[in-house]
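In order, the protein sequence lines correspond to chains S and R. Residue numbers 1 to 322, in full-length UniProt numbering, belong to the letters of the first sequence in order. Residue numbers 1 to 322, in full-length UniProt numbering, belong to the letters of the second sequence in order.
No lab work stands behind these hints, which were simulated from the structure alone. Just so we're clear, the structure is a prediction, and the values are computed from it rather than from any experiment. Take the hints with a grain of salt, since some may be wrong.
As the list makes no split between identical chains, a pair holds if one copy fits it or if it spans any two.
Unchecked claim - In silico DSS-like links for lysine-lysine, alpha-carbon gap of 25 Å or less:
#, residue 1, residue 2
1, LYS108, LYS213
2, LYS192, LYS132
3, LYS297, LYS114
4, LYS312, LYS271
5, LYS114, LYS298
Protein chains: 2
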Amino acid sequence: MIQVSMKDIVEAYALIQPYIMKTPLIYSKPTSDRTGSEVWFKMDNLQSIGAYKIRGAMNNMMSLRGEEVKKGVVAASAGNHSQAVAYGARLRGTSAVVCVPESTPMNKREGALKYGAELVVYGPNYEEAEKKAYEIARETGRKFIHAYESPETIAGQGTVAIECLLEKGDFDAILVPTGGGGLLCGVAIAAKAMNPEIKVYGLQTNTSAPWLKSFHEKRLDNSCPFLPTCADGLEGAITWPNVELALTCVDDIFVVDERTTREGIQWMASKHHFMIEGASATCLGALFEEHEELKGKKVLCLITGGNIDLDKFCNICEETYE
Amino acid sequence: MIQVSMKDIVEAYALIQPYIMKTPLIYSKPTSDRTGSEVWFKMDNLQSIGAYKIRGAMNNMMSLRGEEVKKGVVAASAGNHSQAVAYGARLRGTSAVVCVPESTPMNKREGALKYGAELVVYGPNYEEAEKKAYEIARETGRKFIHAYESPETIAGQGTVAIECLLEKGDFDAILVPTGGGGLLCGVAIAAKAMNPEIKVYGLQTNTSAPWLKSFHEKRLDNSCPFLPTCADGLEGAITWPNVELALTCVDDIFVVDERTTREGIQWMASKHHFMIEGASATCLGALFEEHEELKGKKVLCLITGGNIDLDKFCNICEETYE
């Protein structure tokens, strides 16, 4: 099993603190009024790369030793992780290669390039791009930085829970948008260490929900449908190590309707004037769907990122709900 | 002349600090790359009411003494000031009456109501609503809280400059979206006290620019045209006291094209995924228009608010520039 302790997360926080922003924790009156929960947002979309992923990436970078810094790193991702690694590598004074599949749109490719990473475009999907990245790691000695399985990544992502609970210690529940599960595990480990009573829930959309069956049946199951989704950051098949770890510390997985998630994007724009990406909006969706577990509770929503395409955002904001 | 000193602003900061957010100061690589300046954003749109106005309002509230707290306050404004006073009054444990003209749209009226203020709708324009507010002040003993002429308001707004310069002390220039001029004067007084070399520029749109002639000719002149503008927070005629004060501490007034201002809204949404109101976007507009004074300089942009209507925002984001 992947080994990550609260001590790892505490040490990660000390390492990465100079490089990350202590993002605002904001009370939402409109969302609280609507849902009957006391709702708070942790605005990690305000991190310099527009997403919390800088926490895990930076912890990996600061954990590199001597020779590793010289040889550099390699990562695979079509999303925020590649930007985070590229950005973190520059701050650490090392070099990064980022592998993306051919389907990756130009703006996501530019995300890595603008921080000076070398871009390798390879294969039809993430799995192939990841294989290529491992190959580059073997051939060049670069360290492979996994987006969610690396203990350093998980520990780094967990720092967001420390930051929130030191600011407000009495949350009943934390809602965690969940893709690979690095954030989910890191947050659960840190939160439970600070308050064993707190509930930690992973969120996926009904358009890509491999966590639901895998978690409930305690074995990897990627047989669910994978449909187009506004929460692109959460999309895709998962792997066993993070599920295994989550089973030790996470309370449950909630599946949020695609439509309620889109409504969450519009709600945040209309009520708070925040642009958030679909992954983050699953927190709003889960609250709108009135899960019994959240009623009357103090709920912390992790607003994980804001990297949403402007056209897509405006289309969603022009939709009609209710 | 209105009397506001650096000491007043320092004291205001101590008074209001428990009630305001220390908002993020963010470096913008895309804007710096485009403009050839080193551009930073102070995200005061993240204050709880979505605008910096809470600073001045809260300083007024915390400066109330004994009997004044019992009698309550009254304000006039169709914009962020009324929300700020309503919100601040609640925190102070006093009551507020807010006067708005009949033209005030429902969502702006709700802004004051949701924090428990009493709403008085009166007259065709701001001037009439203000007269009504003064009348209420006389009749009820409530203290009138002016949106930009009160020394407490100016001192409160100036705290944003202290906050920025304590975080990064070497700015060459500050861009200040300017309506009545309370923020402009407060920022200039604080910034010059911390660094006499720093330049402070007030920004208006070409659709409502009474500051330009008034400042340059050193006498009040509201004869400019007042046209529809996306920067509604800056719109309208001005008064002499703030101009008189600005002449002692402000370096210049820049007039920004309405079109470049709209482009600024779109730019922030596209590059940073921030929703900002038109007033704030004048900072981007001024940079895009390549003022000689800003070239190669370290420029602080005050992002004063994010309270923009979602329909209007999406319309602007769908426009084509260049």
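Hint-by-hint comparison with the structure:
no.	hint	verdict
1	LYS108 with LYS213	neither (31 Å within a copy, 46 Å between copies)
2	LYS192 with LYS132	neither (37 Å within a copy, 56 Å between copies)
3	LYS297 with LYS114	between (42 Å within a copy, 22 Å between copies)
4	LYS312 with LYS271	both (19 Å within a copy, 14 Å between copies)
5	LYS114 with LYS298	between (39 Å within a copy, 21 Å between copies)
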